[in-house]
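**Student:** Spelled out, the chains give:
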Amino acid sequence: MYQVIARKYRPQTFSDVVNQEHVKTTLENAIAQQRIAHGYIFSGQRGTGKTTVARILARCINCVNGPTPQPCGVCANCLEAAKGGGMNVIEIDAASNRGINEMRELNQSVLQRPASARYKIFIIDEAHQITTDAFNALLKTIEEPPEWVVFILCTTEAHKIPATIASRCQHFSFRSVDFEDLMARMAWICGQEGIEADAEALAVLAQAGEGSVRDSLSALDQAIACCGAQLHAAEIRALLGMFSLESLGQVSQALSDSDSRRMLDVVDELERNGHNLQHFSRELARYFRNLLVARIAGAEGAARLIAASQVQRQSLAEVAAGFSEEDLTRFLHLSLELFRDLQYSLQPRFHLEIGLVRLVQAGRLVPIEKALAEIQGSGAGSAAEMRRPANSVPPPSSPAVVAPKPRAGPSPFEIDSAKKAAPAPGSRPPAPEGDARERLLAHLVQNGLTHLADAVENSSVTAAGAELQIVTAKTYKMYLEDRHFESAVREVFGRPLRIKITVGETGSPPAAIPAKAAAGNGADDIASKALANPEVQRFREVFGGEVRKVRNLKE
Amino acid sequence: MFERFWGNTGVAEALEQMLAQERLAQTLLFSGPEGVGKATLARRLGARLLGHAGLIERDDLSLPDNRETVASRERWPSEKRNEDPLLFATHADFVTFAPDGPLRQISIQQTRLLKDRAQYLPNQGSRRVFLIDHVDRANDQAANSLLKTLEEPPDHLILIMTAENAYDLLPTIRSRAVPFQFAPLSREVMHKFVRERGLDQPERRVLLAAGSPGLAISLDLDAYDKRRAAMLALLKTAAGTAPFSAWLPVSEALGRSKSEKLEFHLKVLYELLRDLLILSQNAGEIRNEDIRPELEALAAKVEFRWIRKAVARVDEIAQLIRRNIQKTIALDALIMELRAA
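As given, the protein sequences belong to chains A and B, one line each in that order. The opening position of the first sequence corresponds to residue 1 in my numbering, with each subsequent residue numbered one higher. The opening position of the second sequence corresponds to residue 1 in my numbering, with each subsequent residue numbered one higher.
Okay, chain A solo, but in the shape it has when bound (with noise of 0.2 angstroms):
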């Protein structure tokens, strides 16, 4: 049976570890002067070498030359250890024995002599899974286990550790392995197995593990079935789905042309080419990151903070003066906050092709002094534009398409336009007589004052000179008469306005009353006055039906 590469390189001696200096030459000098402790946490990120070093402690220790550094590899206890487990090593997953009971049998299997070595050695492998009673079932047999016993604790998460245990054991943590000697195992390995590869392909390799031996390792696995005995930098990057400068710039180039239909087709093209849409993401986010640093470092600081090569350094550098730094850091915001609703996404393809199109939309900052620039020339009407870069193409859906509906609210542009305009300071807004309603409107809704704006919708507003007339019903009219009203007045047209309030027909009538609402019957009286009531009305309107009947509650 075929054994993965990871697997069958497992080192099997303290100088075959990739990296980790500091676990290796500590371990060593404890063996040789025998001081062993008995008990060892070893954490880490996933393929640094955890258990690799346990089995290759628990060997040193067992081996039958003595508790020595250099175990000889061939004898019995030594071949015990390599293989993951036996009389004298325990190995146990505790990911699927977690519970206080497996560790009541290990408290008792700990109690009994090894069988045929020096030591019994238990390797507790994926110890973050062990659950908070079965740790404390351990504390005493950790702190204190008979002469015989060493207990190994391996796990990716050193933090689900309580800090009980952990201050009884000897606490390692391995590293992330460095670049460089990750590719020289790689080329030894590769030389091993047969197997060409240039130092690019290598380079690539070591990059996607991302500091993990195994990470790499399973992906040379994947590019030997894909490429055979010779391995090349360009089809390796195809097959792992790695991202070249190329392809995320045409996203920075979508960007500084505002072209949100070309964000679009590069969604299209990574998805038929297979590729993660949420490594993608990352990807994107990490060449935001490089653009900022590139423009803020310049050409010193981003040899040393990117880890790139100069002349893609250097692409970078050029695509970074494009834009600003202001851009380039929301850009980054936003890139990050896209990653983020990638993770969870049921539907990745739309959430990233969304997330582009906001990138796009979000357009470029204006400097404050080019925009105070073109207020001063062009008076306050360029104000809504403000926020849209001269450059970026209208959005096709418009908001002067949306045709005006009768009740249903104005538009967020119409809102937003209302904010702009009012408040302008040093500006007088030229207040077009036509709009006084709809900017009171506007106000009134923004500001939650619903029923004002459900009475001004349903009166005739008109602005003459400093009087407001307003033309409503009787049931408005006491609405219309509060100083919050008179407040929202001053406040959208900047000064202080005398209220006329007539009560007549308005222009709008609201929705019909029952034509039997005649006075003198008591209850239709009080029937027409619940079916003024606004609220009413806007119920009726806005479930449709009718109403069948209406009862007073006093009666």
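No wet-lab data here; the hints were simulated from the structure. Don't take each hint at face value.
[What the hints assert, rightly or not] Derived DEER-like restraints, expressed as beta-carbon distance ranges:
(1) B:229 / A:462: 42 to 48 angstroms
(2) A:538 / B:293: 46 to 52 angstroms
(3) A:268 / B:67: 31 to 37 angstroms
[As the list claims (entries may be wrong)] DSS-like mimics (lysine-lysine), calculated; alpha carbons at most 30 angstroms apart, straight line:
(4) A:549 / A:500
(5) B:258 / B:80
(6) A:83 / B:115
(7) B:115 / A:160
(8) B:309 / B:236
(9) B:236 / B:226
(10) A:500 / A:477
(11) B:115 / A:8
(12) B:226 / B:309
Here a beta-carbon is modelled for each residue, glycine too, at the ideal position from N, C-alpha and C.
Chain A is already provided as a structure; the job is to place chain B on it using the hints.
**Tutor:** Positioned in the frame of chain A, the structure of chain B alone reads:
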């Protein structure tokens, strides 16, 4: 070559190479969108190693019988499910572990059983193949308990995992497997596929399946149309082009039917929103080509910001579904919020 396997030739060839060089890794991870053939390829690979393709194909989870099995277990009490973890093994040496229970998760009981079964020698021949379908559906405990087996499986065992998104998995799982990324099928291949299977309304199926043959087959167009009509009513009401009363009957019908899962509706809703996005940007083709005029009218009414907000809210609902929220109230609230926007 793997017979009658559509698309993803790169992956199929790589596996082919692995077999030819006798370098087939013991732990494989197939990732890619729903229905592109991950489990299918796993079964074909199993058949290549073990023979008896017919028996193995019977464990296809999309077959009505198997769907029924999983659905009926949903009604079991959880103790009973735990006592009898779900697996399919029509061929004794090809075992499929699939998500189970009302939440469709892979449980720790299943992974424990897997660890047990992994130790058994093959019934016949020299290998066994385990397929863990939707390993991204394994909860934290179950996923962690797989780690040791994935890293060092017994010599006779090949473990194949499938997941829609490899990055959803624990990094420790990802690092133990040799990964293969599946892509959606190209339009031409999809056309060929649909034609060969003789499916009805081939054009619509190809459009809606978005490169996924599994979806193209399983797509129930009538149900889809019904859901789409409901979601279109929702969007229209939310965009303010229809009164709230137009939504009420739809909402009530949704609330009454116990069997209709909201997930399916949300999926359709996402697709409609995506079409709106495409229309509003004048780009590319839309999935629901047959109702283009309606969508165009809607797209003219809404802004990009509105679409984005809608998507954010739908995301929220999709997450809350797992907490068992009231579907009608959630959708009503969605509409009200979008109307106000």
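**Student:** For each hint, tell me whether it holds in the structure or not.
**Tutor:** How the hints compare with the structure:
1. A C-beta distance of roughly 45 angstroms is found between residue 229 (chain B) and residue 462 (chain A), which places it inside the suggested range of 42 to 48 angstroms.
2. Look at residue 538 (chain A) against residue 293 (chain B): about 31 angstroms separates their beta carbons, and that is not inside 46 to 52 angstroms.
3. In this structure the supplied range 31 to 37 angstroms holds for residue 268 (chain A) paired with residue 67 (chain B), their Cβ-Cβ distance being about 32 angstroms.
4. This hinted pair does not check out: residue 549 (chain A) and residue 500 (chain A) have alpha carbons roughly 36 angstroms apart, beyond 30 angstroms.
5. For the proposed pair residue 258 (chain B) and residue 80 (chain B), the alpha carbon gap of about 23 angstroms is at most 30 angstroms, so the pair holds.
6. Note on residue 83 (chain A) and residue 115 (chain B): the hinted pairing holds, with a Cα-Cα distance of about 17 angstroms set against a maximum of 30 angstroms.
7. For the given pair, residue 115 (chain B) sits about 24 angstroms from residue 160 (chain A) by alpha-carbon distance, which is consistent with the 30 angstroms threshold.
8. Distance check on the hinted pair: residue 309 (chain B) and residue 236 (chain B) sit about 15 angstroms apart at the alpha-carbon level, within 30 angstroms; holds.
9. Distance check on the hinted pair: residue 236 (chain B) and residue 226 (chain B) sit about 15 angstroms apart at the alpha-carbon level, within 30 angstroms; holds.
10. Note on residue 500 (chain A) and residue 477 (chain A): the hinted pairing holds, with a Cα-Cα distance of about 10 angstroms set against a maximum of 30 angstroms.
11. A distance of roughly 22 angstroms separates the Cα atoms of residue 115 (chain B) and residue 8 (chain A); the hinted pair therefore holds under the 30 angstroms criterion.
12. Restraint check for residue 226 (chain B) and residue 309 (chain B): the C-alpha separation of about 25 angstroms stays at or below 30 angstroms, so the hint holds.
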